[in-house]
Every structure is written in structure tokens, then in C-alpha cells.
Amino acid sequence: MPHFTRRKFLQSTSVAAGASAAGPMIWVKDAHAQWNNTVEKGAKLRVLRWKRFVQGDEDTYLANVKKFTAKTGIEVRVDHESWEDVRPKAAVAANVGSGPDIILSTNDDANLYPEKLVDCTDLANYLGKKYGGWYPVCEQYLKPDGKKWIGIPFGAAGNALVYRESHMKAAGFDKFPGDTAGFLKLSQALKAKGTPPGFALGHATGDQSWAFWLVWAFGGKMVDNNNKVVIDSPETIKALEYGKELYASFVPGTLSWLDPNNNKAFLDGQISLTANGISIYYAAKNSTDPKIKELAADIQHANMPIGPAGVPTEMNLFFNQMIFKYSKYPKAAKEFIRFMMEEEQYGPWMQSAIGYVCHPLVAYEKNPIWTVDPKHTPYRNATKVMRPIGYAGKMGYASAGATADFIMLDMVAEAVSGQKSPKEAAERAQKRAERYYKV
Amino acid sequence: MSQGSGLSLLGRLNNSANALGFIFMLPAAAILLVFLTYPLGLGMWLGLTDTKIGRDGVFVGLENYKSLAEDSVFWLSVFNTVFYTAVASFFKFFLGLWLALLLNENIKFKSFMRAILLLPWIVPTTLSAIAFWWIYDSQFSIISWVLVKAGLIDKYINFLGDGWNARFSVIAANIWRGIPFVAISLLAGLQTISPSLYEAATIDGASPWQRFRHITYPLLTPIIAIVMTFSVLFTFTDFQLIYVITRGGPVNATHLMATLSFQRAIPGGQLAEGAAIAMAMVPFLIGAILISFFGLQRRAWQQGTKD
Numbered sequence: 025m026p027h028f029t030r031r032k033f034l035q036s037t038s039v040a041a042g043a044s045a046a047g048p049m050i051w052v053k054d055a056h057a058q059w060n061n062t063v064e065k066g067a068k069l070r071v072l073r074w075k076r077f078v079q080g081d082e083d084t085y086l087a088n089v090k091k092f093t094a095k096t097g098i099e100v101r102v103d104h105e106s107w108e109d110v111r112p113k114a115a116v117a118a119n120v121g122s123g124p125d126i127i128l129s130t131n132d133d134a135n136l137y138p139e140k141l142v143d144c145t146d147l148a149n150y151l152g153k154k155y156g157g158w159y160p161v162c163e164q165y166l167k168p169d170g171k172k173w174i175g176i177p178f179g180a181a182g183n184a185l186v187y188r189e190s191h192m193k194a195a196g197f198d199k200f201p202g203d204t205a206g207f208l209k210l211s212q213a214l215k216a217k218g219t220p221p222g223f224a225l226g227h228a229t230g231d232q233s234w235a236f237w238l239v240w241a242f243g244g245k246m247v248d249n250n251n252k253v254v255i256d257s258p259e260t261i262k263a264l265e266y267g268k269e270l271y272a273s274f275v276p277g278t279l280s281w282l283d284p285n286n287n288k289a290f291l292d293g294q295i296s297l298t299a300n301g302i303s304i305y306y307a308a309k310n311s312t313d314p315k316i317k318e319l320a321a322d323i324q325h326a327n328m329p330i331g332p333a334g335v336p337t338e339m340n341l342f343f344n345q346m347i348f349k350y351s352k353y354p355k356a357a358k359e360f361i362r363f364m365m366e367e368e369q370y371g372p373w374m375q376s377a378i379g380y381v382c383h384p385l386v387a388y389e390k391n392p393i394w395t396v397d398p399k400h401t402p403y404r405n406a407t408k409v410m411r412p413i414g415y416a417g418k419m420g421y422a423s424a425g426a427t428a429d430f431i432m433l434d435m436v437a438e439a440v441s442g443q444k445s446p447k448e449a450a451e452r453a454q455k456r457a458e459r460y461y462k463v
Numbered sequence: 003m004s005q006g007s008g009l010s011l012l013g014r015l016n017n018s019a020n021a022l023g024f025i026f027m028l029p030a031a032a033i034l035l036v037f038l039t040y041p042l043g044l045g046m047w048l049g050l051t052d053t054k055i056g057r058d059g060v061f062v063g064l065e066n067y068k069s070l071a072e073d074s075v076f077w078l079s080v081f082n083t084v085f086y087t088a089v090a091s092f093f094k095f096f097l098g099l100w101l102a103l104l105l106n107e108n109i110k111f112k113s114f115m116r117a118i119l120l121l122p123w124i125v126p127t128t129l130s131a132i133a134f135w136w137i138y139d140s141q142f143s144i145i146s147w148v149l150v151k152a153g154l155i156d157k158y159i160n161f162l163g164d165g166w167n168a169r170f171s172v173i174a175a176n177i178w179r180g181i182p183f184v185a186i187s188l189l190a191g192l193q194t195i196s197p198s199l200y201e202a203a204t205i206d207g208a209s210p211w212q213r214f215r216h217i218t219y220p221l222l223t224p225i226i227a228i229v230m231t232f233s234v235l236f237t238f239t240d241f242q243l244i245y246v247i248t249r250g251g252p253v254n255a256t257h258l259m260a261t262l263s264f265q266r267a268i269p270g271g272q273l274a275e276g277a278a279i280a281m282a283m284v285p286f287l288i289g290a291i292l293i294s295f296f297g298l299q300r301r302a303w304q305q306g307t308k309d
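Order-wise, the sequence lines are chains E and H.
Okay, so the first sequence: first residue is 25 according to our numbering, each after it adds one.
Okay, so the second sequence: first residue is 3 according to our numbering, each after it adds one.
Check before you lean on any hint, since a few could be wrong.
Calculated cross-link-like contacts (lysine to any residue; reagent style SDA-like; alpha-carbon spacing at most 20 angstroms) [claimed, not checked]: (1) E:K462 x H:K68; (2) E:K444 x H:N167; (3) E:K172 x E:Q324.
Think of the hints as simulated: they come from the structure by calculation, not from any bench.
Note that this is a predicted model, so its numbers are computed, not measured.
Take these sequences, add in the hints, and give me the full structure.
So, in C-alpha cells, the structure goes:
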């Protein structure tokens, strides 16, 4: 039972190492020796990942892959698919028992077929201990039973507020408000100045996350921790009433917005405030159009404001790395993921994506990318503070189905646009969600 | 001995029209079986199970259909689909017929015009859908921009943000795309009508309307039946336009059964429910086919008897 003893050994040594650690970098080298993994002979790997949102991500990721092949001799083929197409592909692979060895996917995908995935507990423990531990949301997604890791977290795409500093100042605000009350005032002031905010209310798969923030900020939630649907609650109604006031300040047409709309409108100067990843700033900074480049200087970021719930209630796009049991080379796959997650690879990769993907490991918050440009800083805590998509229940088919059906977003859209009263919208959402969360 | 009997068997086969016919039919039957019957049967079966993506299901009878019957979004999608199909098919038929009649006249650059007419049909649907998505954009719409610049309206039209606007916008896109098919097919039908009939009618003093009503229309009916059956089927099962332009939004106002089926089956993982929604489309499609066959095609005069 070499496997067992190695793990035991690992645990005992890293506890000792952790106790003596002053900073992560000191004991990194010590723990490094503890990872023993003999990869299969002649291993070859196929990796399927979501297509980059920012170019730097893909470039450095592939450079790291090359490095891995040079070091280990393991050939790795990487395929890219639009992030929304990875989910069905991964599910089919799990179903038929063949496909890529490793799939990088999103949100609660791993929770749909946990029994088809290689147990990654040893790797997760190794990385966690080496790099200061995983953020809580990682365990909520990938350690569903509290014991076994069904995948390795890859990070999360932070969703923060992107705004124009000059417009905020013109609207009479020196500092971006951190609470929902101030946020509403700012939005109204921006609208009065003719530089309104805009948040997607169409069936935007990625940009719907602000709807979750809104409901959670007021204490509403889709389900409680027993997976009982509780969306029709006074807290939800309060959130929707607030949303109604907020919506009144939006640029017209947001009900039709899909994922790209807010980026387009922001870069065109038609809106001065929206919720997005750092990709708008990235696009502006790297634009060849001098006008848009100028805009980059005026772009600022802020975290989603805190509501009556009293804590951050962000919903960010979570990324996982899954190894499938059908893989002939699970050890090589683990070796690959370990390699990609190590500081030497992950650090530079974070930097070239200017923090589009926020790290899942605590030690990486020291990465200079978060401070080299103060505009990056709001994205630093994306993984740390975020809630999982099926909050506050368990992840699985019900959470995946309810999210894909846009129940939360439709409720917010219906209520804030006045098509239904907040109460009616919440009742409808309750009914729709109960179809998924039925026992 | 055995060789001899084999030859004679082959020889007999060769002489039997029935056996030969059966053999020649086999490849086609196999194709139908593998690519049509099997997927359809699988879809029907899936609709009766609780299969999820990544997990096999068990037979649950009509559970999915019962659950759908209580789902307001499903009924909304049924309404949207019927409305979308009815309005779009109506306009596609009349505009298509009108275009076909125009192109059947002796006009200048006839072949050039006919080629141009086909363009919307040739452009890949997804590309034309993306073009429409920009045309209807709430911030960058060319239509709104022109109208605002011309001083006719003072703010951008909310094409896709309002339920009814969105429905009519996607219907317009569908009509634009579907007209060429109807027009070209009807034009082909028009050209099979013998000019001597029109000559005779003209000599008898028939007006243009009478010529249309008593010659063109009756002789074109079989073509109309086929063309409109296809057109209705295509429209009813439309997916790409909606998926690119609205994804079924705002608040499901443009969700068709096909898009809802996809949304629930693939991103949502509820494969069985998606299959059930797809199966729920079948009765409508069969209905459309029956109407066209019995209503339009089986006119008594086509069978050689009196009307």
C-alpha cells in the first residue's frame, strides 16, 4: 500500500511544515519533495479546455504545456472549445467513457458525474498544503462530500463592476460606494448625467451573474442548505424592489442583452458602469484604436457592493480541472495538473491573463499581478469571497438545470422591468425551481 | 453441383421483379432506419425516461409530459412556436407568391434577378442571424440610427428588449430568410403551366385576376401544398435564428420549442425533458402535414374526376 503511506507521510510532514511556515515561499521548496508520482510509461494526454477570454491566457497556457512536454516527454494535445460547449462535451465524454483525459470545465459540471472522475484528493491536499490552502468555494464545488476531491480547482473569472472614473466624478462621487444604498444613488446620478449604467438582463449565460449577486445581497437565495426551494421570500422581494429602482437608471434595451452587449456598449462609451470580468479593460488596454486606448486610462474596477446580507455576495464563473476514470494515464494527468498549478507555471500564467482567472490557492494572492496595476486589485478576491452557483444548497443536476433555465435571471428581469410584481415573479421562480429541486 | 444451384438461384432472383425491387430498396431502407427511425425512436424513448446528461435513466412513463404540462415556460414556448410559424408562413407564402409571379413576367435581367433572390437562402443561417442581431441591437441598430438621424424618432427602438417587439423582430428575420425558398419553388411551378391556357383565356376575355384565379391558382395548388408543408416544417423547427438573436429572451418571450428543448437538454443536462419537448412538437408537425395533404393536394380534379 505505497499509496496510503505516501499520503499519510505527506499529511504529517506538511502539518509540521505549515506550523513552521512564516511565508509560503519558504516551505514551498520543502513540500515540493513530497509529491511522488510515477507516471505511466509512454503516456500521452489530451486536454479539452474552454477557449480563452483574453489572449494572454492561451499563449502562456500553451507555453506551459510545451514546458511540461519538454520536461517529462509526455505529449499533450490541447483542444479549445467555447466555454458553453465544453459542458455538453464533458458530459458526453463521461457518459460514453471516452474522450479527453483532462477537461477544464465550469461551475458545477463535476457534480453531475462525480463517480466518473478520478479521485484527486492526494493532489488537492498536496497543492493545498504547499500553497496556503484552497478557498472555501473550491471545497463547496469539488469536495462535495467533505472528504474526497473530485477535481482540482483552476480558479474563477471575477465579475466586478467596471466603471468610468471621470463619469463617476462628474456625477458627484469621489469614491465608489461599497454598499447597495450608495450604489443605487450613484447609478441614479450617472443616469441624470446622461451616462447611465447597463447590466445584462437577456439570456446571457455569463453576464447573468449580477442577478445572483442582487438577490443574495438582500439575503434571498434559491434553496436552503437542504436543497429546499426558498426563493419566494421577503428577502427576495426586497432585492427585486431594489432592482426595480436600479433598473430605472439603466440604459434602454438591457432586457435584450446577451453576453457581448455590455462590452460593446461600454467600449463605445454608451454606458459608464457595468458588471464584467477584467476582459473589457484588457481589450481597451490592448486595443490599437487610440480612442479606446485612452478609455482604458479612465476605466476603474470595484467589487460588487455589499447589501443588507452584510457580506460579499458575488457569483463568479468557477473553473475546474477534471480527470476522467476512463483515462489510460491518470497519473500522468495528475502530474500535468500539478505542473500547471505550481507557482512556476501558474504565476506567469496569471500575469499574462492580467488576472482574468483569479487563483484558487491562498498563496497566489501575493502574485504581483494584483498590485502592479491598482485596477487589477478588485479582482483579487474573486475566488475568496464568491458563492457557488447553487447557493446555499448542494450542487448537482438541480442546480445545473435551474441555472441553465435562467430561473434567477428571468425572475429579476420580470420584476425589475415591471412585467410582473416582485411577489409574482418570486412565486413563479419558486414554482419553476421546484420542478428541478423535486425530491 | 452447389455452384450450379447458386447460379440458378441468382438467375431466379434476377428474373423476379419483387425480389430485385426488395434488394435495391435495402440500402435506402437501411439509411432511413439508421438515420431517421433510430434517432426518432431513441428520442421517444428518452422522453419516457429520466435520463440526464452523463447518467442513464430509468423508464418513468409520462412523468416528463405531466411535469411539462404544469410548466408555464413550456406553454409559453408552445404559444410562441405556433404564433411564429403561423405569422411567418403567412407572410412567406404571400410575399413568395408575389415575387414568383413578378419573376415569371418578362422583366429585364431575369436570370440575374432570380439569382439575387436566392441570396438570403444561400447565406448560412447563423451568419444572417448575426447580421440581424446587429440590426436589432439596442445600442448599435442601423435601423434606429437611420431613423434617429432622419429625425423620425428620438430614441432607439427596443427591438429585442420587449416581448412583442422581439417576437415580431425574429419573425421578420425568418420571413426574410424563408421567402427565396417559397418564391423559387413557386416560380418553378409557374413555369410548368402551359402558356396556351393563358392565351385561350385571354382570347375569351378573361381579366388578369380571372386568369390567376382560374388557371394559375388551381394548377399551382400541388406545388403550393408541398412548398408550404416544407416551409411550415422548417419554421416550426427553427432554432439558429432564435439562438443567435435572443437565446429565447427577453424572459422567454421568443423561446421556441426547439430552443427550449436544447436549453433544457444540453446546457441544463435534463436530456429526458429536452427529448419530451422535442417529441411534443411531433403532433403539430403531423397535423401540418395532414392538412396540406388532405386539404390541398387531394383535389378531386387532380384524380381525374369532376370537382
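Violating hint indices (sorted, rising): 3
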